[in-house]
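Single-letter residue listing:
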Amino acid sequence: MKARKYENVEFVINHSTDEMKLSLVWKKGGLYLSLSGLFLTDGNTWYELPVKELENITVVSDTPPKIRLKIPQLDIMISGERAEKLLALRHFLLPYISGDEPDSELKALLRFWGIGIKDAPILSKLLKIDEETIEKLITESKDRGYIDGNGEITPAGNRMFSDEVNMVGGEG
Amino acid sequence: MEKINEFGSFAETISALGTLTKLESAVDAAVKNSKVPARETRKFLKCMTVEEAGNTALFQFIRELFVRVGLGQMKLTRNDIFRYDIAINENPVAKLYPNVTNKKTCYITAESIMEFFAKDLGLPGNCEETACVNAGDDRCEFSISLQPLAVYQLALDASDKEIIMAIMDGSTVQSIATKLDMSDEEAQYRLSVLKRYHILDENFAITEIGDTYHKYGEGMPIQEDDFPPPWKDMAEISGAISASTSFAEAFTETAKEEPLWDVNEDDIVNLADEAKKSTSFAELLSKQIKNKEKDD
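Protein chains in written order, with our numbering: chain A, 1 to 172; chain B, 1 to 296.
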């Protein structure tokens, strides 16, 4: 199997279905590109991450640069020397990952719902979506567990925005 | 030529990653150097038409900035109060994925737009690609959904808030200009903005949204620092972008020279396969240890 080095990294592999998350000691090694996807190696074992199995890649922190790769039952955290290289890898891989992300209209509705605007005609005006679709989105939000039986946004609904760029005021 | 699944060859992959690394560096430098004063963002938010918004100094700056970063020429195609749509013809990012079909690919563009809106304009939210040439569309399109409270806090200034207070206190629309010492034209303009933002209804009465804003939004004023807009010194921003991308260029050159490693099949653990077969991580580890012992 051929592989080409991409970056010096530290990594840790967690089993994501264990009740208590097990966490190995961070291993120093390399991230490699291979014929079948990605490899992580500590110099002895080569851990293969098939791209077709990837469910998600998220940025955990900017400083130090750290990303999390999710494959069924496993979380792999990778920390690299250069943030831009890990971010580039993430953006390179994202198109190959098919996720079941809720659409933007549903997110927009939940954003208003979260600040107390729940009236369908008003939501229709604000979102420029017909009322019938608004009702469908509300039903879908309830079915997906984003709005509870009391009509309140749930923690799962709130989490919809946890990945949003939320920092107001940059350096500069 | 060797293929890495649907990625393409090693050379294509390294080249695409090099370009993406360069873009990441450029976006980071651009965002760090492009903080926009609230008064300029407010002008953009208060525009009534897409043409008007597209012609603001702010949007002209955004267009120029993203060209210099390398993300292509943006066109504003929609300006609802909480939603802005942007189109990019001949999107350079889409060209980095020549082997992807029927999928949207330009995540870096969507996230860069949102980073700029959140960090430089103070408008958090979400941006996603809604059409992509790699998905078979004519051009790439992006939809920005902004958090409503942040938009209200930035779009409406102290005079707008005075108008809301005056109307809540029972003042008539006709008396607003006199009461707040502003011209009739200004009062009419501000009232029309408040109507557009659904703070006032067609009869200039406070709406449910206006009431919600009054309760929650007005109590959380944002701090507005006054400083020159970033387009006053575009040369400095360009310099920062160029300096930041030098590393990425060096990376692309050295990455091309990295040798191909021959990995022994016996040393490989396919994490996805092992995780499926194992009921716990402990079992997975145990398997690895047993395999290692057998080998030894």
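Since the hints were made in silico from the structure, they are not lab data.
Here the structure is a predicted model, which is why all the values come from computation and not from measurement.
Glycine residues also receive a C-beta, built at the ideal position from the N, C-alpha and C atoms.
Misleading hints may appear alongside valid ones.
Dumping the calculated DSS-like pairs for lysine-lysine here, alpha-carbon to alpha-carbon at most 27 angstroms [said to hold, decoys possible]: (1) K128(A) / K232(B); (2) K32(B) / K125(A); (3) K35(B) / K118(A); (4) K161(B) / K128(A); (5) K35(B) / K27(A); (6) K128(A) / K32(B); (7) K28(A) / K5(A); (8) K179(B) / K232(B); (9) K125(A) / K232(B); (10) K66(A) / K215(B); (11) K75(B) / K103(B); (12) K103(B) / K28(A); (13) K2(A) / K276(B); (14) K215(B) / K232(B); (15) K128(A) / K195(B); (16) K43(B) / K95(B); (17) K35(B) / K125(A); (18) K232(B) / K136(A); (19) K118(A) / K128(A); (20) K232(B) / K118(A); (21) K32(B) / K75(B); (22) K125(A) / K95(B); (23) K215(B) / K43(B); (24) K142(A) / K118(A); (25) K70(A) / K276(B); (26) K70(A) / K103(B); (27) K276(B) / K118(A); (28) K125(A) / K103(B); (29) K43(B) / K232(B).
Just so you have them, the derived chain A footprint on chain B, three or more residues with Cβ under 8 angstroms [stated by the list, open to error]: (30) 40 to 49; (31) 61 to 67; (32) 124 to 134; (33) 150 to 161; (34) 164 to 172; (35) 231 to 242.
Cross-check of the supplied hints:
Annotation: proposed proximity of K128(A) to K232(B) is violated, straight-line Cα distance about 36 angstroms (limit 27 angstroms). A hinted pair counts as satisfied when its Cα atoms are at most 27 angstroms apart, and K32(B) with K125(A) does not qualify at roughly 36 angstroms. The straight-line distance between the Cα atoms of K35(B) and K118(A) is roughly 34 angstroms, outside the 27 angstroms bound, and the hint therefore fails. Restraint check for K161(B) and K128(A): satisfied, since their Cα atoms lie roughly 25 angstroms apart, inside the 27 angstroms limit.
Restraint check for K35(B) and K27(A): the C-alpha separation of about 39 angstroms exceeds 27 angstroms, so the hint is violated. The straight-line distance between the Cα atoms of K128(A) and K32(B) is roughly 34 angstroms, outside the 27 angstroms bound, and the hint therefore fails. Proximity of K28(A) to K5(A) is assessed by CA-CA distance (about 14 angstroms); at most 27 angstroms being required, the pair is judged to hold. Note on K179(B) and K232(B): the hinted pairing is violated, with a Cα-Cα distance of about 37 angstroms set against a maximum of 27 angstroms.
Annotation: proposed proximity of K125(A) to K232(B) is violated, straight-line Cα distance about 38 angstroms (limit 27 angstroms). Between K66(A) and K215(B), the direct Cα distance comes to roughly 40 angstroms. Violation of the 27 angstroms bound is thereby established for this hinted pair. A threshold of 27 angstroms between alpha carbons decides the hint, and for K75(B) with K103(B) the separation of about 22 angstroms falls inside it, so the pair holds. With a C-alpha separation of about 35 angstroms, the suggested pair K103(B) and K28(A) falls outside the 27 angstroms cut-off, and the hint is violated.
The hinted pair formed by K2(A) and K276(B) meets the criterion: a straight-line CA distance of about 25 angstroms does not exceed 27 angstroms. A distance of roughly 37 angstroms separates the Cα atoms of K215(B) and K232(B); the hinted pair therefore is violated under the 27 angstroms criterion. Note on K128(A) and K195(B): the hinted pairing holds, with a Cα-Cα distance of about 15 angstroms set against a maximum of 27 angstroms. Distance restraint check for K43(B) and K95(B): the Cα-Cα separation of roughly 34 angstroms exceeds the 27 angstroms cut-off, and the hinted pair is therefore not satisfied.
For the proposed pair K35(B) and K125(A), the alpha carbon gap of about 32 angstroms is over 27 angstroms, so the pair is violated. Restraint check for K232(B) and K136(A): the C-alpha separation of about 47 angstroms exceeds 27 angstroms, so the hint is violated. Pair hint K118(A) plus K128(A) holds up; C-alpha atoms about 15 angstroms apart against a cutoff of 27 angstroms. Between K232(B) and K118(A), the direct Cα distance comes to roughly 43 angstroms. Violation of the 27 angstroms bound is thereby established for this hinted pair.
For the hint pairing K32(B) with K75(B), the CA-to-CA distance comes to about 23 angstroms; that is within 27 angstroms, so the pair holds. Distance restraint check for K125(A) and K95(B): the Cα-Cα separation of roughly 38 angstroms exceeds the 27 angstroms cut-off, and the hinted pair is therefore not satisfied. The suggested pairing of K215(B) with K43(B) holds, with an alpha-carbon distance near 24 angstroms, which does not exceed 27 angstroms. Of the pairs offered as hints, the one joining K142(A) and K118(A) holds, with about 13 angstroms between alpha carbons and a cut-off of 27 angstroms not exceeded.
Proximity of K70(A) to K276(B) is assessed by CA-CA distance (about 13 angstroms); at most 27 angstroms being required, the pair is judged to hold. Taking the CA atoms of K70(A) and K103(B), the gap is about 20 angstroms. The hint holds against a cut of 27 angstroms. Between the alpha carbons of K276(B) and K118(A) the distance comes to roughly 42 angstroms, so the proposed pair goes past 27 angstroms and is violated. Of the pairs offered as hints, the one joining K125(A) and K103(B) is violated, with about 31 angstroms between alpha carbons and a cut-off of 27 angstroms exceeded.
At roughly 17 angstroms between alpha-carbon atoms, K43(B) and K232(B) fall within 27 angstroms of each other, so this suggested pair holds. Coverage of the segment 40 to 49 of chain B by chain A is violated in this model, with 0 residues showing a Cβ closer than 8 angstroms to a Cβ of that chain against a need of three. Counting residues of the segment 61 to 67 of chain B whose CB lies closer than 8 angstroms to any CB of chain A gives 0, which falls below the minimum of 3, so the coverage claim is violated. Remark: the segment 124 to 134 of chain B is confirmed as covered by chain A, as 6 of its residues place a Cβ nearer than 8 angstroms to a Cβ of that chain, reaching the required three.
Residue count for the segment 150 to 161 of chain B with a Cβ under 8 angstroms from a Cβ of chain A: 1. That is fewer than the three needed, and the coverage hint is violated. With a threshold of 8 angstroms between beta carbons, the proposed coverage of the segment 164 to 172 of chain B by chain A is violated, since 0 of its residues qualify and at least three are required. Three residues within the 8 angstroms Cβ limit are the bar, and the segment 231 to 242 of chain B against chain A gives 0, so the coverage statement is violated.
In this structure, the hints that do not hold are numbers 1, 2, 3, 5, 6, 8, 9, 10, 12, 14, 16, 17, 18, 20, 22, 27, 28, 30, 31, 33, 34 and 35, in rising order.
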